[in-house]
Amino acid sequence: MLKPRNKKAQIAIWVILALVLAGGIILFFTLERGPILGAGAAVFNPEQYIEKCTETAVNEAVDLLLPHGGFLEPKNFKVYNGTNISYLCLHSGYFRPCTNQHPMLVNEVSDEIKSYISPRIESCFGNLKNEIEKRDSVIELSAAPTEFNVSMAPGKVFVNIAKNVKITEKETTRTFEKFDVEVANPIYDFTNVALDIVNSEAKYCTFLYVGYMLSYPRWDVRIFVMSDSTKIYTIKDKESGKKMNIAIRGCAMPPGMGI
Amino acid sequence: MERKEHYFKAIFEIFILVVATISFSYLMHESYSLENNILIREENKFNSISLGLLLILKVINKILWDEKNFVSALEINSCELSKTGQVCVEYLSASECLDKCAEQCIPTSLSGVSNCKLGSCFDSIEGTCQLNSPKRACESNGGTWLNDPNGNVAQCKKGCCVHGNNANFWTERQCTRASEISGIAKDFRADIRTEFDCIVLSGAQEEGACLTGKDVAGKNNCKFATKALCLQARGEFYSGYLCSNAELNTNCVKQKTSSCVEGKDEIYWFDSCGNRENIYSANKESSWNDGKVLGKDESCSLISGNNYLANQGTCGNCNFLLSSRCGNKTATERLSDAIQKDVCRSLTCRDENGNTRQNGETWCVYQGAIGVDGNRAADTPGSRHFMRSCFEGEVRIESCGDYRTKVCVESKTNLEGGGTFSNAACVPNLGDLCVIYNTEDDRIKKCNENPFCFVKETDISHEFSFKLCAPKYPVGHNLATGEGSSACALASQKCTAVKVKKTSGWEWKANEDCTKPEFAQKMNNLCMSLGDCGAEVNYVGDLTENYKVRHTPRLGQIMGIIKPSIGIFPRYGYVPNPNNAYLNNIKKYSDVVPGQVAESPDAGEFYGTVGIPNELGESGVVSDLEKAQAQMKTFGMITGGAGALMMYAASQGISLGALSVTGATELTTATLAAPSVSVGGAQGVAQTVGPQLSAAGGVIAGAAIGAGVTSWLISATGIGAGMSRDFANALIIAGAIGGALIGTATSATITAGSTVPVVGWVIVVIVLVVIVILKLMGVGKVKEIHVNFRCLPWEPPRGGDKCEICGDDGLPCSEYACSALGQTCKFVNEGTSQEKCINIAPNDISPPIITPWQEELQDGLVYQNPSDLGVNIRSSSGDGCIAAYSQIKFGLLLDKYGKCRYSTTPNKPYEEMTWSETEDVADVGEDLNIVFQKNMTVNMRMPSMEMLGLPSYDPNKQADYTMYVKCENGNGYVANRDYAIKFCIKPGEDLTAPAITKRNPAGEYVKAGASEQNLSIWTNKPSNCKWDNANKDYSAMLNNFTCANGFDEQELFGWRCDGTIPLPKDETTINVRCENNPWQNDSTKRFSNSESTPIKFKKTTPLVIDSASPDDETLVFGVEPASVEVEAETSGGISSDTMCGVSFDNGRFFEPLEGYGNSHSKVFESFSSGKKFLMLKCDDSAGNIAFRNISFEVNIDRKAPEVTRIYADGSALTIKTDENADCALSMDKCDFAFENGTLMSGDELAHTSSVEMNKIYYVMCKDDWDNSKGTCNKKIKVIGGITQQL
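As given, the protein sequences belong to chains B and S, one line each in that order.
Position 108, counted from 1, in the first sequence is what our numbering calls 108; the numbers after and before it change by one each time, with no gaps.
Our numbering runs 10000 ahead of the 1-based position in the second sequence.
Please keep in mind that the hints were generated in silico from the structure rather than gathered at the bench.
Just so it is clear, the structure is predicted and the values come from calculations on it, not from any experiment.
Only true hints are included.
Here are the computed lysine to aspartate or glutamate pairs in the DMTMM-like style, where the Cα-Cα straight-line distance is at most 20 Å:
hint : chain 1 : residue 1 : chain 2 : residue 2
1    : B       : Lys203    : S       : Glu11125
2    : B       : Lys156    : S       : Glu10262
3    : S       : Lys11172  : S       : Glu11151
4    : B       : Lys238    : S       : Glu10394
5    : S       : Lys10083  : B       : Glu73
6    : B       : Lys236    : S       : Glu10394
7    : B       : Lys203    : S       : Glu11154
8    : B       : Lys243    : S       : Glu10394
9    : B       : Lys236    : S       : Glu10262
10   : B       : Lys203    : S       : Glu10195
11   : B       : Lys75     : S       : Asp10099
12   : S       : Lys11199  : S       : Glu11120
13   : S       : Lys11162  : S       : Glu11193
14   : S       : Lys10264  : B       : Glu239
15   : B       : Lys242    : S       : Glu10262
16   : S       : Lys10826  : B       : Asp228
17   : S       : Lys10934  : S       : Glu10856
18   : S       : Lys10264  : B       : Asp220
19   : S       : Lys10083  : B       : Glu108
20   : S       : Lys11096  : S       : Asp11028
21   : S       : Lys10836  : B       : Asp228
22   : S       : Lys11275  : S       : Glu11252
I would like the entire structure built from these sequences, with the hints used as guidance.
This is the structure:
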């Protein structure tokens, strides 16, 4: 048990504690959290604003992509339940295994996300500008179109935005050159399951989805076979509840004797 | 001179003696075998239409199975990118390609387009490897294309990537990528080669307590984690310890709660700090295990016997693979300790029969009987195979392909604790191949080997029996359009039953059984085995009978009273009596047979079987019979060579009877002296023996002549066929006796002075009288009854009352299933939650309205006066009448789907306007279309004037000919009045010569060394055809074709004539001409070709496989299975038409190589290590075949390169390896990432790099297959130019 020697010492200790506490509080708000946007808030965090805005755009994009086989507007598709589902693997004739139509699906999905969020990111910065200016601050945005990259990883989508932003608020000026956004989203994992299915179909003409589900309980895979031998795979991520559809046709057999 | 003459005569007489002995037997045989000659016919072969169909199937098969041929056959165009975004597409025509391709069309197949070559696409960032990827699709999106479609390349080699709590079966690059993203050190286990082993590994990672500092009270902070995560968090790892272990001095109190864990099956205890502990057990102490980790196997057991949830109340050791997983407790499923909220919940399911199914179990479901029942295929139209699965307590269903294009196969595994576990799969239905086999020589062998086929035996009579290869699970066809139903026609056969007039009346001689009810039944068994054909029930049990049979009772009928004879020969008709046993047996096929499953076949090799034969095969039975026939003919030629001579002599003797006697006398006389001279001049002996021998010679010669003449007369008059063997023998013996007596007497007259005995002549006269009487009685007359069976595509029942029951059996409806339920059923909203089978015309009682179809009317014809009642079809020239016999074409349009029939008799009920079951005449009634259509094209030949009851010789005569048509709608409603199509026929006769429409073989090349070639030609009208080497008039041509000229013998390409052409030289050209009106005796009414059609045959050189590779070499690969390209170069044969295949099983099956011409190759991707023996076979359409065996060894290099020597020359470091390799240096650490090291120069055995003195270097080498030790090979330091290994 600590036992103070005299009152001065006790006061000194309390003063020190108070200073430490006050400093901590100041540091907490200035360094750790920064200003946040809120009703009546006096401080504003542009990075968090862009992050939030981008995250919304990415999630919107993914929600649009997933039902269509990884594409916003599939060109080569099969209509299932009123949805155009992209053929990821297709042989239009009979007997032959399907041919991989999108072997670089991860890249293509990234590109799709990028194309969807591109105007929205511009809007994000536009809205950011409005928001800043509403606060009687000055914001300078580079006039060039916003450059950004989209990449994916398990459970994540990375959006790395390069944009020069200079915010002058009262007498403080802050500059930003890049905004690295990390969005928690299973699109990459979905894409890899889809690629697994495609590989199996391209090689073996089938995908043993029951065994797959037993091996990887996270995924629920359902199949619907259409009369033209197109298989619609619906992949469900039990963790997120999201679903992805893909279409595959290969190793089809003709009705009757094929004449 | 005289001696010589006598010698010759003696020899001749001895010859007669010998020959006569043999020829008698032959004559006897021939006398009754004449009737057999009638019987041995071609009925047991497929009929010619079937033959043509098989040829078409063969071509189609070739197209379907081999895209190369597809290219050559259809001039395919390729497109790298279609307007719809499809990469690398082939189009059947240039115009289609131009219409659909977004880029330039390339006039070749995809295999000829480098950008469309299939390989593996490697994503060098993500590390994914995508198989069967076109080069363009890969590279245009930044991928690295590798020339192996199956991923047998180093970059695609997978191993187990362990990261955090997970383990994934990934490529090394994927593992590196995961490490880069997560920051967890890469842990790639290349030695783990299966996904299963990797998954197992993910659950076997080292776990324990991870201490991460102390709290304010001085207690250790603890997290239960894997070693890797702990080390990453810079914690202190206590392997196998729980955080609640007292030794660790933590605040965590054991077993505070229990719950499920994400990604794990079991229920776990949790300590007060929230750390996972061991698997829940009601026995807490045992479960805590003194604060040490307790493995799953050591934990409590949930299972007892075959009860997977026996200890559900006390144990949380759930097992997903054994149908349990942690989940919220329910009213009936809970732990005994009421506080705990979770429980091992059952994941089992109840199947459609109420049986328990385990999690992950799959099983087959069918919609009726399947497979082969006895001797016929049982799958019903509209039925499909389904696979059900049990997953997490839910039963799911997958439809194997529509139209039964896939078969559900199932196998069961016995479980240790009792019970079984089913495994099912939908596999491609190779039933098509079974039908295709029928074009091949070894069809029965192949049929027996293919698990999707069975040998369908049709054994109706001794002379009408054959074997066909048929599918066990026939693929259904498009019931709405009839598309794909052509296989049915294979079962359309004609059996010719033969009756012969005997002295006792008419008797069956052959194929009597074809006229019995069993004929239709057995033929229908064949018919329904070929697909959705004939009389069958759909999957809900509705029977429709889709076949035609003539001269025999229909199914479900038994023969009643044979109608009384009309004239000499009776008409064959039947009074049908119901006998539904057969049909009832068919109806039962709509019932599911409990426990019946399609067994899992070993069909892997068949999925690659695409070998196409070059010649039409024969059935075993047909072949046997033909051989038997050929043998008999051969026998006749050998023993009957003399017999034929005798027959010739006998026939000469008829006209030269007197001379024969005289001649014989003279010969006999001369013969007497000959032996006496030849036998050492023993004159005395000759004089003694000579007359006796002479007399014997006369007897024998007379007997032979008498027998021969009698036999010939029996044959010539045709009465032999109506005689019993004994009676024919008696007549011949009588003739022989008569002849012998006459011969004896004749000899005696010359040599002994005897007179001609009257007895001999009396006998001969009697024999002749008997023959004449028998002839007058009509004995030997033959009547052929063509018993036809037409197998038609199965059609759904009329109407659509049952459309809506589609799916009521709990199995999803489909286009095929729906269309099988009724003519007016239609499947709508496919691919939506609103899929339905609806009746599209529930109240349609109006029959189709017929109108003429202008576009289909043949040039030179016009429609006149079209109305609701009919239309006139007239020639646009002259008086509008159409010449008899001429072939015309016109079309009819319906305002709705309908089926039409016509008759030449007005106002006939629709039901009677059909193929006559008792008559051979074609104009009684017939279907215009066999499936429901909205338009139909009619090809028909105008009837003759005689058929219309008018003389054809009067050129001014005209006759009206009317077809009365009625159509029914899908509900079976028929118009009550005829639609009359009227023609005016003139006797114009057929003044034009025939035209040859097709020939087979079509090409000029024939097999090397062939001595003859079978040739078939088809003409556009019934004709007789001849050929000659010289270009002559038809009448002067010497060689006849055998032509089938009956009106009902028309085939797809017209009327067929067959011939065999000798090929004495390397090139032979024959000239063919044909003459029309074969039924005309008046030659002035027959017209032949004024010009010959030359047909050239050119013998090919033998086909040779000049080279093949790989052969006698060792191939080294880094991954298994390995991809090996098999190549063959050929010469000779028909180079443009040569196909090659390779067999891995000593010639049982040949996988085709790609390429027509002289170069053939294909990459095979599944070679394991070891010695390989392959057989190559190449053939061409001329029938040339060449074989070659090759062998090679596959070695898989799994060994990392070894560093064999290290030395330095100043700062230049040299490293030598024991195999070609790349080496890299690093100063960082031993297990550095190769790509992060400094690559040394040299990629073979020597590797150099400059180094700094006195620094430590790590050397890592990897070979061409990326084999490396996974860590450094050497740790070295160079000191003063000397290398020091550390």
